[in-house]
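Line by line, the protein sequences give chains A and B.
Residue numbers in the first sequence follow the numbering used here, run continuously in steps of one, and reach 764 at the last position.
Residue numbers in the second sequence follow the numbering used here, run continuously in steps of one, and reach 764 at the last position.
No wet-lab data here; the hints were simulated from the structure.
One or more hints might be untrue.
Stated by the list, open to error - Residues of chain B placed beyond 10 Å of chain A at every Cβ, according to the derived structure: (1) F447; (2) D513; (3) E522; (4) E524; (5) Y567; (6) F582; (7) G584; (8) M663; (9) D690; (10) E700; (11) P702; (12) R717; (13) G757; (14) A762.
Unchecked claim - Only pairs whose alpha carbons sit at most 30 Å apart, straight line, appear in this in silico DSBU-like list of lysine-lysine: (15) A:K500 - B:K500; (16) A:K374 - B:K536; (17) A:K374 - B:K534.
On a predicted model such as this, the values are computed, not experimentally measured, just so you know.
From the three backbone atoms N, C-alpha and C, an ideal C-beta is built for every residue, glycine too.
Here is how the chains run, residue by residue.
Protein chains: 2
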Amino acid sequence: MLDVDGFYSKLGGTFKPGVISEVVLAAFELMKQGKKIISLTGGSYDPKSFAFDEIRTIFSEAPTEAWQEMLQYGSNRGSSDLRAELSKFMEKSGIEADADGEVLVTTGSQQALDILSRLFIDQGDVIVVGSPTYLQALAAFKQFGPEFSVVPVDDNGMDTEALETEIKKLEGKGRKPKLIYTVPSFQNPTSVVLSQDRRQRMIELADEYDFLILEDNPYGYISFEGPMPTPIKALDDSGRVIYFSTFSKIVSPGLRIGWVAARREFVTKFSVAKGNVDICTDGLSQYVASELLMRGVVDRQILKMIDVYRRKRDLMLEAMEAHFPEEAEWNDPGGGLFIWVEMPEGVDTSDMLRAAVERGVGYIPGSNFFVDSSIRNYIRLNYSFPSEDDIVEGIEILGEMLKAQV
Amino acid sequence: MLDVDGFYSKLGGTFKPGVISEVVLAAFELMKQGKKIISLTGGSYDPKSFAFDEIRTIFSEAPTEAWQEMLQYGSNRGSSDLRAELSKFMEKSGIEADADGEVLVTTGSQQALDILSRLFIDQGDVIVVGSPTYLQALAAFKQFGPEFSVVPVDDNGMDTEALETEIKKLEGKGRKPKLIYTVPSFQNPTSVVLSQDRRQRMIELADEYDFLILEDNPYGYISFEGPMPTPIKALDDSGRVIYFSTFSKIVSPGLRIGWVAARREFVTKFSVAKGNVDICTDGLSQYVASELLMRGVVDRQILKMIDVYRRKRDLMLEAMEAHFPEEAEWNDPGGGLFIWVEMPEGVDTSDMLRAAVERGVGYIPGSNFFVDSSIRNYIRLNYSFPSEDDIVEGIEILGEMLKAQV
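Take the sequences, apply the hints, and build the full model.
Next comes the structure, spelled out in structure tokens:
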């Protein structure tokens, strides 16, 4: 007999199906079997808004040489056309990154997180994260055994005073952070924005205390009340900011197109690692991404999604106002895809999840966004994926269940 | 000033651009600039043989629901349609793998190597590899610090008698191998085939000495003189064989579609790891792959590529016969994409590479396929990518250079 578990590495042994894969996929499976499950879970795209006519046109117009390039192995760094387009695209938000040396295409920004983890994190290195923060970033970092320092996130994003206090506390112990992970614009899960003066302060602290900043910006473009907040990378004079973004929230998550903008030496390291990881990013999607940028479809799609998601956000807020218990508190997100709900302490939203899925509604329990998973009285609700009718119905069911909890 | 190198992890610090990225990409760059470089390097696809008419048709015929699925996030395991098609595809070569629990789609098979490495390899674990073997597999494994045990590869593949001797030697030191890595059919770089009785013996040894077998099968389908050799996985009763294959050599490397077939518990581990690594494989390519399999295009394409590559192999062998020095020795590959050339000891093909590229020909020096990189008198030549004219011209130039070395 085979002792299956005996073969795993220490890391492999820790890999267990998480809430996202279990609940989100269970919900998808039930949906496929015909049972109606309203998914307020992952940050999926509005299914009716995909630019597939434009993509079909791109493929029908592609010349032979384009097919020969997209179906062949490509550069570890990504196609030069796509890198050039991404460089221009970032320029509009104040980021200067040379297409040839400072930009690299990844298979979604999750891959960028994974590669960064192996390039920079050794066992015991100190990584500073906000509390709460994006669960799959924590999962990527954890693979390489860092220690997390946790800094609170308030209505203006990560508290930079608390950050400095934390750094000094570390200094007292003879230690220092190597990297700060931040999602500054419409953060996941809270949708808060790091204020401009805190962005400036974060850069100053990085220079003063010699650490790197990982700026993860998937949501910034989905800004309901003005232009995208200026990225930290646009303020970066010393090359300490590593910038990640992705097509997932603005065009399509199925395309698996993410990118990195960083100083030349770091991008070279990413490109070597990329050779070990998957050699190159998908050719069809790189071609589509490049053409969509060139044809102005990405810019138009962003404007469209802002409208679609603003309307869905409004609907969800309205339904919450009508159906949620008065003990529940939440913010009014100025962008992004999520509403973050605080319930009174004692309410356990992780425990409640199975019953909710059986009632036909899925959500992500807040515990998944904390390094300390004993914090269990929050819920993250997604409004980008569900239809308008489902938003109303889902919130009604959830409201009823939450009222029974308080 | 930023001490850039001070930020890398121990692993990150080891990542340096390798010969593949340096020479192959340098060659591609020079080609783009108009200089003619004949590439006999990577295992790229014949550029004229891509099935792009069929792919264009697939996209033009895709219904709305298909677009909504391919542009959305998908399952960590891959789309259920593609998994079902892959299961049927493998059945034809005697492999039984349940589409729902024993198959997982990866972003090319390089990603499968990377995920396997983190799932199974701890610092100091013993991994057995053939000598020579595939360089990017070694690179993936090395990330997690194994020790390599090296077993010679002869005209019938990995020598299983030498393998047992090596295992016993390890036993004497109180150690045992965890995993054997093998490319049994038209191995990279030598193109040899592991004989059927050695395949059987390898399975017996795995049972007897309790290790796993990683069977990597990208080339088996490109078989010039008969059907694909029966995969080891088809002989696997105890669930010790983890099987990898890919679209890269049969349909397109740009699609980035690889897959894993393994026992249920291992596939579950792969799916959790996949969530950390890139969430899911590209949706456009998964849809195309599934449709190409369903429409019989993959089977037709395999037959076509066998013809194309057989002709190119013959041309290359003929040119080598005419132009290579008589001190050079090589095999006549029955399949796959490569010819493996042995020069007399003392000839250093790594040293010769730069001059060759300047003369307009790229190849991969043999030293890259050995754990012991001091073995420097071999060359791997690729015949799948270059045109027929370039094969003749490239071999002529290389022959001239090699004659000057002996």
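Outcome of the hint check:
1. F447: Holds, because the least Cβ-Cβ distance between F447 (chain B) and chain A comes to about 19 Å, which exceeds 10 Å.
2. D513: Nearest chain A Cβ is 29 Å from D513 (chain B), so the label holds.
3. E522: holds (20 Å)
4. E524: With a cut-off of 10 Å, E524 (chain B) remains clear of chain A, as the shortest Cβ separation is near 19 Å.
5. Y567: The claim holds: Y567 (chain B) sits with its nearest Cβ about 13 Å from chain A, beyond 10 Å.
6. F582: Per Cβ check, F582 (chain B) is outside 10 Å of chain A; nearest 23 Å; holds.
7. G584: Holds, because the least Cβ-Cβ distance between G584 (chain B) and chain A comes to about 28 Å, which exceeds 10 Å.
8. M663: Label holds. Min Cβ-Cβ 13 Å, cutoff 10 Å.
9. D690: holds (26 Å)
10. E700: holds (27 Å)
11. P702: The claim holds: P702 (chain B) sits with its nearest Cβ about 32 Å from chain A, beyond 10 Å.
12. R717: holds (24 Å)
13. G757: Its Cβ never comes within 10 Å of chain A, the nearest being 27 Å, so this holds.
14. A762: Since the minimum Cβ distance to chain A is about 32 Å, A762 (chain B) lies beyond 10 Å and the statement holds.
15. A:K500 - B:K500: Distance ~20 Å between K500 (chain A) and K500 (chain B) Cα, so the pair holds.
16. A:K374 - B:K536: holds (22 Å)
17. A:K374 - B:K534: Between K374 (chain A) and K534 (chain B) the Cα gap is close to 27 Å, so the pair holds against 30 Å.
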